[in-house]
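J.: For reference, the chains in residue letters:
There are 6 protein chains.
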Amino acid sequence: MQFQAQPDRPDPLLAKKVQELLGGQWGEISVSMSYLLQGWSCRMPGKYKDLLLDIGTEELAHIEILSTLIAKLLEDAPAGEQEHAMADDPSLAAVIGGMNPQHAIVAGLGPRAADSAGNPWSGAFAQASGNLLADFRFNVTAESQGRLQASRIYKMTDDAGVKETLSFLIARDTMHQNMWLAAIQELEADMVDGTPVPMDFPQEQEHSPHAYTYWPLSDGGQGVEGPWANGPAPDGKGEFSVTEPTPEGPVPMPPKPAPHLFAKGTPGPS
Amino acid sequence: MQFQAQPDRPDPLLAKKVQELLGGQWGEISVSMSYLLQGWSCRMPGKYKDLLLDIGTEELAHIEILSTLIAKLLEDAPAGEQEHAMADDPSLAAVIGGMNPQHAIVAGLGPRAADSAGNPWSGAFAQASGNLLADFRFNVTAESQGRLQASRIYKMTDDAGVKETLSFLIARDTMHQNMWLAAIQELEADMVDGTPVPMDFPQEQEHSPHAYTYWPLSDGGQGVEGPWANGPAPDGKGEFSVTEPTPEGPVPMPPKPAPHLFAKGTPGPS
Amino acid sequence: MQFQAQPDRPDPLLAKKVQELLGGQWGEISVSMSYLLQGWSCRMPGKYKDLLLDIGTEELAHIEILSTLIAKLLEDAPAGEQEHAMADDPSLAAVIGGMNPQHAIVAGLGPRAADSAGNPWSGAFAQASGNLLADFRFNVTAESQGRLQASRIYKMTDDAGVKETLSFLIARDTMHQNMWLAAIQELEADMVDGTPVPMDFPQEQEHSPHAYTYWPLSDGGQGVEGPWANGPAPDGKGEFSVTEPTPEGPVPMPPKPAPHLFAKGTPGPS
Amino acid sequence: MQFQAQPDRPDPLLAKKVQELLGGQWGEISVSMSYLLQGWSCRMPGKYKDLLLDIGTEELAHIEILSTLIAKLLEDAPAGEQEHAMADDPSLAAVIGGMNPQHAIVAGLGPRAADSAGNPWSGAFAQASGNLLADFRFNVTAESQGRLQASRIYKMTDDAGVKETLSFLIARDTMHQNMWLAAIQELEADMVDGTPVPMDFPQEQEHSPHAYTYWPLSDGGQGVEGPWANGPAPDGKGEFSVTEPTPEGPVPMPPKPAPHLFAKGTPGPS
Amino acid sequence: MQFQAQPDRPDPLLAKKVQELLGGQWGEISVSMSYLLQGWSCRMPGKYKDLLLDIGTEELAHIEILSTLIAKLLEDAPAGEQEHAMADDPSLAAVIGGMNPQHAIVAGLGPRAADSAGNPWSGAFAQASGNLLADFRFNVTAESQGRLQASRIYKMTDDAGVKETLSFLIARDTMHQNMWLAAIQELEADMVDGTPVPMDFPQEQEHSPHAYTYWPLSDGGQGVEGPWANGPAPDGKGEFSVTEPTPEGPVPMPPKPAPHLFAKGTPGPS
Amino acid sequence: MQFQAQPDRPDPLLAKKVQELLGGQWGEISVSMSYLLQGWSCRMPGKYKDLLLDIGTEELAHIEILSTLIAKLLEDAPAGEQEHAMADDPSLAAVIGGMNPQHAIVAGLGPRAADSAGNPWSGAFAQASGNLLADFRFNVTAESQGRLQASRIYKMTDDAGVKETLSFLIARDTMHQNMWLAAIQELEADMVDGTPVPMDFPQEQEHSPHAYTYWPLSDGGQGVEGPWANGPAPDGKGEFSVTEPTPEGPVPMPPKPAPHLFAKGTPGPS
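Residue numbers (UniProt numbering), protein chains in the order written: chain S, 1 to 270; chain R, 1 to 270; chain B, 1 to 270; chain H, 1 to 270; chain D, 1 to 270; chain E, 1 to 270.
To be clear, the hints were calculated from the coordinates, so they are not data collected in a lab.
Watch out, some of these pointers could steer you wrong.
You can't tell identical chains apart in this list, so a pair holds if it fits in one copy or across any two.
[As the list claims (entries may be wrong)] Derived SDA-like pairs: lysine to any residue, alpha-carbon spacing no greater than 25 Å straight-line:
1. Lys256 <-> Met1
2. Lys237 <-> Val224
3. Lys237 <-> Val192
4. Lys237 <-> Glu225
5. Lys237 <-> Glu204
6. Lys237 <-> Glu186
7. Lys155 <-> Asp8
8. Lys155 <-> Glu75
9. Lys163 <-> Pro10
10. Lys256 <-> Met191
11. Lys237 <-> Ile184
12. Lys155 <-> His260
Input sequences plus hints: build the corresponding full structure.
T.: In structure tokens form, the structure reads like this:
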């Protein structure tokens with residue numbers, strides 16, 4: 001196994017939390033499936049495709065690490081009848097009330113392809129758009145949210161074994177955040193794509209009057225004070241400015257009724 | 001209405017596609033709900049919070065534009081019995097075979113809170129992590145994928161009215177991509193957060209030997225040739241290098257069996 | 001079987017549409033499961049409980065009717081290789097392009113517990129709140145939307161056999177709409193509950209200044225012209241009036257940051 | 001903000017419950033999206049369309065109120081390591097065992113677009129059928145279930161600040177229940193639609209023998225004693241009666257087997 | 001009712017667990033819907049079709065039993081404000097922290113069509129493939145997992161009333177496992193289908209060199225030691241052997257880029 | 001790559017169908033994740049654990065094969081504006097109407113982690129119960145349904161390249177069905193578990209009168225004629241017999257009402 005996964009002691013509540021890192025929206029199943037799909041779909045052989053497949057493969061090993069960690073955290077979980085003991089031990093009561101019942105009933109104290117609230121992982125969480133820059137930005141996001149979540153769980157336990165495993169995963173997320181940021185720079189240097197994604201949509205086909213204007217639409221007034229509302233835009237193609245938006249579309253006339261669909265539209269007396 | 005939504009002619013197949021921009025994972029419901037939740041959760045009053053609420057409010061208007069556009073594209077959709085006409089007209093046949101049946105049966109030729117394959121929008125697509133940099137990176141991703149999808153649909157039609165509406169949305173996505181990128185720069189300048197997210201997780205608690213090493217794990221060998229495997233990392237705190245990973249964890253010994261859960265573990269004769 | 005389900009001819013596109021009546025949000029699985037759950041949960045023995053179980057049982061038979069209808073509509077569906085025929089026959093092409101591929105691949109030309117867009121039925125569509133009036137209102141809604149959808153599909157085909165089956169289901173939906181409306185009157189006459197649901201929430205604990213006021217909040221100005229904005233309210237306890245809402249809550253001060261969760265909140269220079 | 005949202009003290013278990021009012025099936029996201037979609041799809045300009053958009057807009061403000069309330073209830077939630085304290089404090093143990101872990105791990109102590117069990121909100125919960133009466137009945141149902149749920153949570157806490165916010169929302173649900181009931185009366189008075197929905201499906205096309213008959217199908221015998229089984233039906237077009245249903249369809253002959261789909265049907269020796 | 005469902009005492013935590021048997025992936029809704037759909041779709045009149053409908057009907061009664069059991073376990077559940085009591089009673093605290101909040105808020109202390117983690121039942125859990133042997137194997141699996149889960153919950157409580165109900169369901173699962181196994185033998189004896197399913201796919205169209213070879217692909221080396229890697233295969237048509245797989249496909253050349261989809265593919269300098 | 005994936009020609013409708021084999025309930029993601037989770041959770045080192053990990057690893061390669069196949073089938077898919085061409089070419093019209101729009105809009109002509117109807121893969125489809133026999137039965141089922149689906153798609157195309165890839169996957173499913181059947185025999189020989197699963201639930205705790213009785217509950221009468229209703233049961237512990245079930249439970253008395261939950265229960269005049 002790529003790294004150890006040996007908690008100091010069982011902790012079913014922590015097992016439930018660690019599920020977020022395994023089967024949550026920003027967990028290891030998501031990044032593994034995303035990078036592999038991006039790699040297999042990549043229409044450009046070479047360094048980018050190999051990068052995606054290298055890291056997608058690595059993330060598979062993280063699934064193994066977390067699955068093992070969860071199984072060990074669930075060892076000896078109170079899945080038997082323990083009503084009397086519970087009355088005397090608040091910690092035990094918290095575990096019995098709070099552990100994911102599916103860990104015991106469905107999985108026999110093993111991991112689930114689900115998040116910390118018990119929602120099953122969804123294929124929608126695997127992202128592969130066919131556009132490398134859009135996907136690499138997603139990848140930075142996923143590693144940021146992933147490292148954030150691992151850091152939060154790190155703070156929630158004092159189990160040294162779990163902390164050791166998490167510190168390994170956090171380090172890899174450090175690597176991967178840096179790596180995807182470097183890959184974005186390389187993509188732009190290689191002219192593969194750029195801001196705004198996709199860079200080869202013809203600028204003259206955009207509705208240009210609105211491509212660099214900031215619209216203050218909420219009650220707070222300080223939104224206009226940032227560099228996103230004034231000065232040059234990051235894409236180097238425009239200058240930010242502030243305007244008050246005015247409705248440019250007419251009040252839409254509704255389409256005429258569809259009687260065969262019983263979408264009643266004969267105007268009443270109003 | 002913020003902008004016009006008047007197609008030249010009805011086109012139920014296009015209506016189905018435009019649903020991706022309304023109720024898809026990277027559609028307007030997603031960005032609107034994400035920015036508003038990020039804004040309401042933002043624990044720092046001022047420019048960032050206002051920025052989030054300004055743009056979240058703007059995206060609500062985009063929901064209106066796309067809902068209206070879809071309703072108009074669905075006008076006169078062939079929801080009646082038309083078998084005979086279909087035999088003579090391949091385009092009509094394609095529409096009858098291909099339109100989303102729920103547009104007619106469930107919604108009476110109106111929009112749905114769903115994507116182009118008919119999957120209902122999920123609350124999981126609204127992202128608000130409580131960490132501004134992680135969320136702003138998500139926002140850049142969402143606008144990138146959103147603009148990419150709008151650009152693709154733009155190429156799929158020659159309806160000038162629809163193209164006009166899309167060119168407006170594409171322009172706003174240009175603005176919003178630039179804007180979130182500028183906001184990221186400002187966040188870093190304001191020292192609110194930085195790479196790697198979260199920047200205040202103590203570096204000494206990471207498993208540092210693995211924080212900057214690239215592991216070539218797939219068959220392709222070119223992954224090591226990028227700037228993500230050599231040279232300084234974007235966070236300015238480390239230097240990339242390439243290593244062959246070796247298993248650092250022991251082959252995991254499985255936890256002992258849980259007989260009351262009927263997770264049979266008495267070793268057989270193997 | 002309760003009623004016949006014999007189409008004049010196979011029609012896989014119609015089979016796909018009929019799925020909405022079987023496994024859609026307002027289909028027969030939804031009403032059957034809802035009424036049975038409401039009945040089993042009903043804490044009051046007698047006519048209401050029996051009513052729920054009578055009709056819940058009837059709806060099970062509707063599931064059988066629609067399942068049979070779908071299987072027969074799928075008979076002979078073009079699930080083989082037919083590329084050449086397709087080039088000559090737009091209707092066949094529409095079927096091959098438009099039929100639900102799961103009907104052939106997964107179900108072997110049988111029904112699915114899914115709607116017309118292929119989304120699986122969800123347990124969230126079964127409603128049983130423990131409050132009879134809330135549930136009976138749901139039941140009226142479900143029968144209304146159900147009859148509406150069946151009526152729409154009735155208009156989409158000229159298959160006399162299918163029309164016969166639908167006319168039976170539409171008649172039962174007529175009965176059931178009337179029946180739940182009568183049951184609501186009876187509930188109110190029996191003082192089981194009333195408007196507003198739940199009628200036994202103490203009126204003095206409501207924020208009474210806002211219990212009967214209409215707030216015009218959109219651009220359209222005619223919302224104030226209906227009987228919902230002026231005159232006595234249906235519950236007989238208040239009088240409608242129109243006011244312009246003013247913010248009653250302060251601009252919310254965000255909670256203080258949670259550093260251990262890396263929800264960064266140190267104010268920047270803004 | 002439209003109304004205050006200031007709890008007396010943090011309570012993460014209550015925050016989890018309040019999610020039902022925000023992102024549950026009958027929560028504020030559902031009604032807001034439903035009314036706006038109904039309004040944008042409404043093919044009849046005037047009072048009904050404006051009513052829908054007025055109230056859809058109001059519900060957006062309720063999302064803000066509840067999001068703020070949840071964030072404040074989560075303040076200081078025990079997201080750190082607290083095993084030792086837990087052993088001495090059952091209330092704290094209950095919180096640690098029972099709070100939604102995603103509130104801490106994913107959202108950094110902010111709200112989620114999910115319900116009280118952690119299920120993400122689904123676009124299927126937004127209802128807009130293109131038939132005003134069907135939708136207004138849904139709206140009454142949604143406000144009834146919504147007020148019921150808010151009333152239940154009101155009883156579950158003694159936090160005066162939370163009670164104040166809930167009493168405001170309950171009052172608005174009182175208004176909205178009354179309002180949609182009045183709107184239904186107006187729809188009927190305006191002859192826009194009527195019972196049974198849709199009123200313009202031709203009565204002669206229904207299978208009339210079954211349009212007003214009650215079938216006792218469960219073991220309980222009191223279902224026939226209500227006004228839904230005897231006397232005039234609410235639609236004024238029929239008279240209820242009780243019959244014992246007899247199977248009107250033949251035992252269905254299964255369609256012939258589809259050998260190319262490996263749906264084996266060669267009868268065996270049975 | 002088919003069997004009693006009378007717990008000795010309320011237990012909302014147990015109610016939450018029992019939901020797995022009602023609305024979980026392998027619960028009674030799943031088997032009931034699966035067997036009925038399989039039966040209605042069965043293209044072969046006679047003993048198999050009747051078997052499916054007999055047992056599908058029986059499972060409906062199990063839904064009733066479990067729904068009643070859950071309602072009774074929820075009686076008196078602490079849904080009121082009880083903060084002070086909680087501080088003194090760890091068991092009560094566990095209940096308040098651990099019960100499914102939707103049981104109280106949404107269902108008024110009644111059952112839900114959901115599993116023990118609160119996920120709504122999905123129509124995807126109902127299996128009916130149109131191939132009897134594939135489905136009967138599914139049925140054995142479902143009854144195995146169902147009995148396993150009921151057995152686990154049996155061990156988690158000492159409530160004699162609940163144990164009595166579970167012992168009935170476990171006995172029926174014993175019957176049903178045996179029954180489906182006997183039905184599989186009968187299917188094979190009747191030559192309806194056989195191993196491998198589907199038995200009428202022509203053996204000469206398979207890629208025969210790989211139809212009976214075992215590939216050791218993980219680090220563990222003992223996989224080759226079982227009877228699945230050596231000796232005759234159960235279908236009587238081949239002999240197992242062990243080989244080291246070699247890549248038989250070329251490294252896939254990616255398809256050429258699709259510029260109108262902004263799937264950038266112009267090779268960079270790599 | 002483990003095997004070739006080179007269609008003779010693009011075919012976006014076929015790409016949509018092949019998604020069922022990749023991301024459907026019984027597709028390669030399901031078996032790969034199931035076997036790996038079963039292996040990592042297996043508490044018994046040795047041949048069974050290694051078997052699971054060997055095959056779980058092999059299935060990962062199948063994901064790659066199918067992803068590549070789909071990408072190639074989507075090459076040149078008509079994602080541009082082609083209305084005029086469509087009018088002349090029914091096959092093209094079928095493609096434009098019938099292809100999965102997300103293949104073009106979201107994935108840029110690449111694969112999705114979804115099924116043939118566009119539903120995203122769900123973590124609920126990954127099965128790992130902690131009981132080897134229950135899981136191995138699931139595995140036989142999954143391979144049976146998987147081979148059935150691949151066989152059906154094989155019949156739907158005459159593309160020799162696709163047929164070649166499918167014949168490879170079908171051969172592996174032949175191997176895997178045989179293999180899991182052999183593994184079940186070995187499990188039973190090793191006394192790890194047996195019929196009924198779990199074999200170590202004490203027989204005396206079952207409600208024995210119902211453990212071997214067949215209940216004819218539907219209208220068809222031939223269900224009693226099979227070997228599942230007469231003769232010895234496969235587990236060797238009982239003898240099948242036929243009985244008419246009689247209700248053994250009383251008509252359930254509903255629990256008393258919960259007034260604080262507004263579950264109204266004061267009996268009305270009925």
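J.: It remains to establish, for every hint, whether it holds in the given structure.
T.: So, going through the hints one by one against the coordinates:
no.: 1; hint: Lys256 <-> Met1; in the structure: between (65 Å within a copy, 19 Å between copies)
no.: 2; hint: Lys237 <-> Val224; in the structure: within (20 Å within a copy, 33 Å between copies)
no.: 3; hint: Lys237 <-> Val192; in the structure: within (17 Å within a copy, 27 Å between copies)
no.: 4; hint: Lys237 <-> Glu225; in the structure: within (21 Å within a copy, 31 Å between copies)
no.: 5; hint: Lys237 <-> Glu204; in the structure: within (12 Å within a copy, 42 Å between copies)
no.: 6; hint: Lys237 <-> Glu186; in the structure: both (20 Å within a copy, 19 Å between copies)
no.: 7; hint: Lys155 <-> Asp8; in the structure: within (16 Å within a copy, 27 Å between copies)
no.: 8; hint: Lys155 <-> Glu75; in the structure: both (22 Å within a copy, 17 Å between copies)
no.: 9; hint: Lys163 <-> Pro10; in the structure: within (14 Å within a copy, 28 Å between copies)
no.: 10; hint: Lys256 <-> Met191; in the structure: between (48 Å within a copy, 18 Å between copies)
no.: 11; hint: Lys237 <-> Ile184; in the structure: both (19 Å within a copy, 18 Å between copies)
no.: 12; hint: Lys155 <-> His260; in the structure: between (61 Å within a copy, 7 Å between copies)
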